[in-house]
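S.K.: Sequence:
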Amino acid sequence: MATSPRLICASGDLLEGGAGVRFSVPRAGGDVPAFAVRFDGVVRAYLNRCAHVPIELDWQPGEFFDHSKLYLVCATHGALYAPESGACLGGRCNGRGLTPVAVTEQDGLVYFLESD
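Residue numbering for the sequence shown follows UniProt numbering, starting at 1 and increasing by one per position.
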């Protein structure tokens, strides 16, 4: 199955440990919220859904990192996730991680890789 890229944002919109960019991805039943952040110099993207209860993580639009800028945090439950993998690190996620979303960064732009 081929993928077609869909523009999310300019690379410069994602600063290391800074605010993320929200976007949506198609899933069965309609579009689902997702987000992209930069961590360790790499753009990472996940569905914007806590593994404990399917609510959005950000405490303010685009604010996904905790105060240390080392972890992604669910603003409602306090669950912590590893930004590089989406793995649950503690809290009410009970070992369940975030769902990754395929993205790529090319020529100063970040794209969602949408399956055809």
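Source of the hints: derived by calculation from the structure; they are not laboratory data. Keep in mind that this is a model prediction, so the values were computed, not measured. Among the hints, a few may not be true.
What the hints assert, rightly or not - Listed next, the in silico SDA-like pairs over lysine to any residue satisfying Cα-Cα at most 20 Å (straight line):
hint : residue 1 : residue 2
1    : Lys69     : Glu84
2    : Lys69     : Gly91
3    : Lys69     : Glu16
To be verified - Label pairs and their in silico Cβ distance ranges:
hint : residue 1 : residue 2 : range
4    : Gly90     : Glu63     : 27 to 33 Å
5    : His67     : Pro26     : 30 to 36 Å
6    : Asn94     : Ala10     : 20 to 26 Å
7    : Gly29     : Ser68     : 32 to 38 Å
8    : Ala87     : Ile55     : 27 to 33 Å
9    : Gln106    : His77     : 22 to 28 Å
10   : Ala102    : His67     : 26 to 32 Å
11   : Arg92     : Glu63     : 17 to 23 Å
12   : Arg92     : His67     : 16 to 22 Å
13   : Gly17     : Thr76     : 26 to 32 Å
14   : Lys69     : Arg92     : 18 to 24 Å
15   : Gly90     : Asp40     : 16 to 22 Å
16   : Gly78     : Leu7      : 31 to 37 Å
All residues carry an ideal CB built from backbone N, CA and C; glycine is no exception.
S.K.: Is the hinted range of 16 to 22 Å satisfied by the C-beta distance from arginine 92 to histidine 67?
M.R.: holds, 19 Å
S.K.: Holds or violated: 27 to 33 Å for the Cβ distance of alanine 87 and isoleucine 55?
M.R.: For isoleucine 55 against alanine 87, whose Cβ atoms are near 19 Å apart, the range 27 to 33 Å is violated.
S.K.: In this structure, is the beta-carbon distance linking arginine 92 and glutamate 63 contained in 17 to 23 Å?
M.R.: holds, 19 Å
S.K.: Under the criterion that the straight-line Cα-Cα distance not exceed 20 Å, is the pair lysine 69, glutamate 16 satisfied?
M.R.: holds, 9 Å
S.K.: Taking the beta carbons of alanine 102 and histidine 67, is their distance inside 26 to 32 Å?
M.R.: At roughly 29 Å between Cβ atoms, histidine 67 and alanine 102 fall inside 26 to 32 Å, so the hint holds.
S.K.: For the range 31 to 37 Å, tell me whether the beta carbons of glycine 78 and leucine 7 fit it or not.
M.R.: holds, 33 Å
S.K.: Take a look at whether the Cβ-Cβ distance between glycine 90 and glutamate 63 falls inside 27 to 33 Å.
M.R.: Since glycine 90 and glutamate 63 have Cβ atoms about 19 Å apart, the given range 27 to 33 Å is violated.
S.K.: Can the suggested window of 16 to 22 Å be confirmed for the beta-carbon pair glycine 90 and aspartate 40?
M.R.: holds, 20 Å
S.K.: Are glycine 29 and serine 68 spaced within 32 to 38 Å by their CB atoms?
M.R.: holds, 36 Å
S.K.: Starting from the range 22 to 28 Å, see whether the pair glutamine 106 and histidine 77 falls in it by beta-carbon distance.
M.R.: Violated: the Cβ-Cβ distance is about 35 Å, outside 22 to 28 Å.
S.K.: Tell me if the beta carbons of histidine 67 and proline 26 are separated by a distance inside 30 to 36 Å.
M.R.: With a Cβ separation near 33 Å, histidine 67 and proline 26 satisfy 30 to 36 Å, so the hint holds.
S.K.: Cβ-Cβ distance between lysine 69 and arginine 92: within 18 to 24 Å?
M.R.: Given range 18 to 24 Å: holds, Cβ gap about 22 Å.
Violated hints for the displayed structure, listed by number in ascending order: 4, 6, 8, 9 and 13.
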